[in-house]
Amino acid sequence: MGRKMTPAKVCTYVVLSVWALTTLYPFVWVILNSFREKGLIRKDSFSIPLPGGGFTMDNYAKAMDRFDFANAYFNSLIVSVSVTVVVVILAGLAAYGLVRYRFRLRGVCYSLIMAGMMFPVFSTIIPVFRMEAAWGIASSGNRWLSLLAVILPQIAGNLCFATIVLMGFIESVPIELEESAYVDGCHVFQVYFHIIMPAAKSSFATVAIFSFLWSYNDLFTQNFFLRVPREKTITLLLNEISSQAGVDYGLMAASVVLIVIPVLAVYVMLQKHIIKGLTAGAIKG
Amino acid sequence: MNSSSTLYKKKGPLVVFLVPAFLFLILYLYYPFVQNIINSFSDITGLGAPAQGLNDPWWANYATLFTDPKLRTALGNTVILTVCTVVFQVGIALVLALLVDSIRVGAQLFRTLYFFPIVISATALGLMFNLIFLYNGGMLNQLLANLGLIGKNIDWKDTDHFMFTMLTPVMWQYVGFYFVILVTGLNNIPQDLYEAAALDGCVGLNKVRYVTLPLLRNVLCTCLVLAVTGALKVFDLPWVMFGAGMPQDRGWLTGTYMYDQTFNRGNVDYGSAIAMLIVVLGVVLSNVANRVFKPRNDL
Numbered sequence: 008m009g010r011k012m013t014p015a016k017v018c019t020y021v022v023l024s025v026w027a028l029t030t031l032y033p034f035v036w037v038i039l040n041s042f043r044e045k046g047l048i049r050k051d052s053f054s055i056p057l058p059g060g061g062f063t064m065d066n067y068a069k070a071m072d073r074f075d076f077a078n079a080y081f082n083s084l085i086v087s088v089s090v091t092v093v094v095v096i097l098a099g100l101a102a103y104g105l106v107r108y109r110f111r112l113r114g115v116c117y118s119l120i121m122a123g124m125m126f127p128v129f130s131t132i133i134p135v136f137r138m139e140a141a142w143g144i145a146s147s148g149n150r151w152l153s154l155l156a157v158i159l160p161q162i163a164g165n166l167c168f169a170t171i172v173l174m175g176f177i178e179s180v181p182i183e184l185e186e187s188a189y190v191d192g193c194h195v196f197q198v199y200f201h202i203i204m205p206a207a208k209s210s211f212a213t214v215a216i217f218s219f220l221w222s223y224n225d226l227f228t229q230n231f232f233l234r235v236p237r238e239k240t241i242t243l244l245l246n247e248i249s250s251q252a253g254v255d256y257g258l259m260a261a262s263v264v265l266i267v268i269p270v271l272a273v274y275v276m277l278q279k280h281i282i283k284g285l286t287a288g289a290i291k292g
Numbered sequence: 017m018n019s020s021s022t023l024y025k026k027k028g029p030l031v032v033f034l035v036p037a038f039l040f041l042i043l044y045l046y047y048p049f050v051q052n053i054i055n056s057f058s059d060i061t062g063l064g065a066p067a068q069g070l071n072d073p074w075w076a077n078y079a080t081l082f083t084d085p086k087l088r089t090a091l092g093n094t095v096i097l098t099v100c101t102v103v104f105q106v107g108i109a110l111v112l113a114l115l116v117d118s119i120r121v122g123a124q125l126f127r128t129l130y131f132f133p134i135v136i137s138a139t140a141l142g143l144m145f146n147l148i149f150l151y152n153g154g155m156l157n158q159l160l161a162n163l164g165l166i167g168k169n170i171d172w173k174d175t176d177h178f179m180f181t182m183l184t185p186v187m188w189q190y191v192g193f194y195f196v197i198l199v200t201g202l203n204n205i206p207q208d209l210y211e212a213a214a215l216d217g218c219v220g221l222n223k224v225r226y227v228t229l230p231l232l233r234n235v236l237c238t239c240l241v242l243a244v245t246g247a248l249k250v251f252d253l254p255w256v257m258f259g260a261g262m263p264q265d266r267g268w269l270t271g272t273y274m275y276d277q278t279f280n281r282g283n284v285d286y287g288s289a290i291a292m293l294i295v296v297l298g299v300v301l302s303n304v305a306n307r308v309f310k311p312r313n314d315l
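Those sequence lines, one after another, are chains A and B. Under the working numbering, the first residue of the first sequence is numbered 8, with each subsequent residue one higher. Under the working numbering, the first residue of the second sequence is numbered 17, with each subsequent residue one higher.
One chain only, chain A, in its complex shape:
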């Protein structure tokens, strides 16, 4: 392929750049306006706010002051990290068992997992709530129990996807490695931890990232179980801000930026794994 720019090539780049602009510009616009002085947003939202020309940090100061972001980040992290850790462990074990063993109920188990991806959260959340309320976890007034009440259904919700993605990758690990380790006297659990997990490391990373993001971004389940202010996660806080900020658009913009930044950081650092994992799962399924 030459380096020549043919008209067709120019068109290609123009079209691609236009779409890239539509994905990027809204975020840039929000970030710019989060630094803009109150009242200017609605008149002139496209210029770059400069010091002395409408630039301000007030929106962030106000957001931090009026809403407890630190506490919300903390709650979000507790929930999402717990979900991620448990999903990776359970899905890894289940995927390994399903891929390598041949047993009578294997087909049934596989179908159960596939079908599990079909259920919308809507159809399970009410019975889950009642069940957890009966156990004394949900709406108990205790912050840690409430967080646990969110963590458990979120684990179940991510488990099927994670298992399917991991199955695809574990299948591609050459079985000879495992057999020779067995001949050398390794137990099957040693095989799992010393051969399978390292070999499928990147897919475990993908599953972890996705469980984390989905848990962090989920509104429906969290909204359902976490009602008290000190239990609020970052997504719920944002939801609350949107109903309270009214016409303070600078405050809204600043809050959006504050919630997006951690995700943005994760995405930029790990985007290779993210894209790889999602497509692998989708194509296998």
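Hint data in this document are derived by calculation from the structure and do not stem from the laboratory. Nothing false has been slipped in among the hints.
Capping the alpha-carbon separation at 30 Å, the derived lysine-lysine pairs in DSS-like fashion look like this:
no. : chain 1 : residue 1 : chain 2 : residue 2
1   : B       : K173      : B       : K249
2   : A       : K279      : B       : K249
3   : A       : K279      : A       : K16
4   : B       : K173      : A       : K45
5   : A       : K16       : B       : K223
6   : B       : K86       : B       : K173
7   : A       : K279      : A       : K208
8   : B       : K27       : A       : K208
9   : B       : K26       : A       : K208
10  : B       : K25       : A       : K208
11  : B       : K86       : B       : K249
12  : A       : K69       : A       : K45
13  : B       : K173      : A       : K69
14  : A       : K45       : B       : K168
Fit chain B to the supplied structure of chain A, relying on the hints for placement.
Chain B only, in chain A's frame:
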């Protein structure tokens, strides 16, 4: 396949591998799902309230499904959403994927940019789009006014425009998802097939028509099934942007309507029936999509 390994003859450890995960699935997916079916036949007046026996007649909620005008609106909107998803999301994604596949420089950058909206929570996106579609001084109205295209502000959430305002963010967010799937599919097409086609004089759009698309059919089918089932579950973005059925009960989707019935109106049993409808539609539609698009000779 690899069933003969001696390592996996002893089935004891299988319990440790499978039981924890399936315990979760049964307790948190299958038991609630069955319970949900029972709920949809029962009379439940509040979230915490126990069922007060069966409905009279027991299928009452399902009869209501057919006569409820708001549900009809919700279904209609969801159908429009589904069609738009298939046409625009998958369509735009396919065009972008084909274009990115034809370039070398910057392909990775475009992938990163296109996929980005998916990792952002719908709550944040909903707020962002609220700012963009704002009546007084939102980004879109300012832009159009600056370009001199509109004399006075457009109310993007009124009855004439709400469909556009509701669908655009949903479409926009997930184009990147299908894009990445399709690009991966394109990468899996062996290069020598293109070379052979080029020798036969098949280039440009013909190459796309006769080589790429047929080979991509499986992946496209996966995309369509995902798009159809995904459209039924859309909730967060429209909920943050429109809330309960705005404007004037015309903006319902199956997801938002089910949520509103259950949590705001205490119609728990009816909400369960709507949830069942969503599941059934999802299964039926994805099967139809599979039948229609799946090539016969694969597997």
